[in-house]
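Student: Since the structure of chain G is already known, use the hints to place chains P and F on it.
This is what each chain is made of:
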Amino acid sequence: MGYDNFSTFHTSQDGAVLTVTFDCPPVNVQGIPMLDDLNRLAELLERDRGIKVVVFQSAHPEIWVCHADTHFLKDMSIDAVDRQDVKLLYLQEVLQRISEVPQATIAKIEGFARGGGHEFALACDMRFAARGKATFMQMEVAMGILPCGGGASRMARQVGLGRALEIILSAQDFDADQAEAYGTINKALDPDDIGPYVDALAKRIARFPAESIEACKRAAYASIDLPIQEALKEEAYQLFQATSRTPAIRRFAQADETGVQNSLENQRNWNQIVLAVQEIL
Amino acid sequence: MGYDNFSTFHTSQDGAVLTVTFDCPPVNVQGIPMLDDLNRLAELLERDRGIKVVVFQSAHPEIWVCHADTHFLKDMSIDAVDRQDVKLLYLQEVLQRISEVPQATIAKIEGFARGGGHEFALACDMRFAARGKATFMQMEVAMGILPCGGGASRMARQVGLGRALEIILSAQDFDADQAEAYGTINKALDPDDIGPYVDALAKRIARFPAESIEACKRAAYASIDLPIQEALKEEAYQLFQATSRTPAIRRFAQADETGVQNSLENQRNWNQIVLAVQEIL
Amino acid sequence: MGYDNFSTFHTSQDGAVLTVTFDCPPVNVQGIPMLDDLNRLAELLERDRGIKVVVFQSAHPEIWVCHADTHFLKDMSIDAVDRQDVKLLYLQEVLQRISEVPQATIAKIEGFARGGGHEFALACDMRFAARGKATFMQMEVAMGILPCGGGASRMARQVGLGRALEIILSAQDFDADQAEAYGTINKALDPDDIGPYVDALAKRIARFPAESIEACKRAAYASIDLPIQEALKEEAYQLFQATSRTPAIRRFAQADETGVQNSLENQRNWNQIVLAVQEIL
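Chains as they are written, first to last, in the numbering used here: chain G, 1 to 281; chain P, 1 to 281; chain F, 1 to 281.
Pulled out of the complex, with its shape left as it was, chain G reads as follows (with noise of 0.2 Å):
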């Protein structure tokens, strides 16, 4: 599909996971090359179902994504606009489309997500972090403006108010024991284990059919945006687009054939049955 010629990260693919590294020194500054690349690499795989999880990383050894780049930051506009006049900055259509990709997308940080860099992560479906390594901020406030990589919007809906507005307000350096137990991220993890953690994580999530990871996205994102009555609307109208085009009716079939439901046995293995399942296509 052609994951090449970025200038920002370069990708690996092994099966269906695509690692994203970013690579670019000295620090991963979030400029219009990254914000072009990242366009680039979502308009890719919104086209792309062989692709059905990415993880981002770094390269550098102290910064997963740095803040937005400040040369362009210097010559944003100081006119106040009618609030039916605002369009959303290039940084919030970018990492909005990241957000909406149909793949699973996986925050693995090891250094500095700082700014837009965190707001990037916050974009991503799921994060994890390093000990001693991650370390988080929202600076913005203290530069006189507010994290608009989508960062306020975002925030909230991974933990509770007071905690976003306490991340937001405060722009003060937190690491990953302290992201966990405010819930920025999914779960703080020693340095030699975030590898295998996300690597195992990634792998199992790439063995499920494409097409229902996307409904489970959809699902999930909408749930949070529409009162109840419209989400399980929208859960059911993604559960007819997933059975119309995965394997879903014969594994259910062979998963009834085999009484699964009858055994004990059975229902004790959950866990390997949703692997071996996927052998049914």
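Among the clues, some could well be false.
Which copy? The list can't say, so a pair holds if one copy fits it or any two copies do.
No farther apart than 16 Å at their CA atoms in a straight line, the calculated lysine to aspartate or glutamate pairs in the EDC-like style are these [stated by the list, open to error]: (1) LYS133 - ASP173; (2) LYS233 - ASP82; (3) LYS74 - GLU46; (4) LYS87 - ASP14; (5) LYS74 - ASP256; (6) LYS87 - GLU230; (7) LYS203 - ASP177; (8) LYS233 - GLU93; (9) LYS203 - ASP256; (10) LYS74 - GLU257; (11) LYS133 - ASP190; (12) LYS203 - GLU230; (13) LYS133 - GLU180; (14) LYS203 - ASP14; (15) LYS203 - ASP82; (16) LYS233 - ASP85; (17) LYS74 - GLU43; (18) LYS133 - GLU62.
Just so you know, these hints were derived from the structure itself, not from any lab.
Tutor: Okay, now just chains P and F, sitting in the frame of chain G:
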């Protein structure tokens, strides 16, 4: 009120607490008979102000409530539908109806709760799980679908979006402590403690007026579906619904006469006052 | 600005931090005088860009803010109203107005915070509580009503729905550690630590521009009331509101000149940079 003649569970009433014990060998499968039973249970509860709390438990030594029946899953439609034509599934409808009963509902989980079983737990107001016994999973993505008993819609209403996506996309067993850490359950408890804990909680809530329990539920659920100004209006609306039907004003009048708020000693004692005041009808 | 002549609290100003100390013996009851005071406080704060952070604490050794006054509760209407006719209660209006002040607000809780007192805490941006001193409860369900100072509406915006329902339905005391575990507060702190912790946080935030503090608050609160696309637009709107009124562009220009993003050494140092940059006006 006739809480009998169910085929997949039996019930017992102790004061205003109804205990529903799933008992549908071999594995408490979530089939049409169970959904029919739950639908009839909800219908009875909707009209019953004598029952104030419902506890859901299982007679099975290893299984709380099993996933949805593969018999009907294998016959699902594989036709994609238009978004405007989508109808809720029977499973969604029944679990949403359970979610909306006026009683406080408690899932007391001492075994497997996977797929539709876990989604049923998420449709209850509160969830407690026994360490070493409870095991959770959403396996749908692996089968080719998504959690479609409200699970894709309700998960992020309990935990952050990132952790909801991990649970839904990884199709992996997780235990009571992990569930507590992520927030899908209220608390993990030792196997010997869960019985007394849930019993005490159920009996405590059951002492309070049925109409204020309902008002609390209505306002709390509405609050996550509505912007804050609309949520506050619903809260005020539920207040007047409650005061028109409960002894609230007489209780406040007595609290005022006895000077609760003039005495530090009384202020120290609210945990008991809330029980003592139940004598005022 | 005249932060004096309040009857239920006194205030002291240290730079851009206003400390509000409740002092209304015998129990800091949340009566009309306190609501009138809070309403006037909010009115003053709305027009004051000199105050950037407000800390709410108590002079009482055991009580932070008491529940609502039983004097006015006993006179509440007992007539049910139509949904379209419902008006917000004065208590709801005042706490919502406090929630919307442009300043960062911090509840520093070292005593009982039950009923309306707890709801007042939930209306603040952040909450910290002292172990062994803070005690929380929503007792309304036991009295026959529901938390109607925004508590039923705001609880699930802080914690998962299940834990919100347990707190609201159980009418039971819980302590600072439980509050931290459930997420109703940001952090539980030892009694000797809470003072210095809140002081340092308040002073840190108070160094940042008033207009970016306000923009952060507006966007974060809006984010949970709006679908993501609308939330992102509000975030962009607030960005231009902020840049038109703060030294943001000059700070980014200087950061660009001094090459923050070209130096790993600088990247390691953001916790200090955010303070140093405050000299650029």
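Student: Quick check: which numbered hints come out false for this structure?
Tutor: Hint check: 3, 4, 7, 9, 12, 15, 17 fail, others pass.
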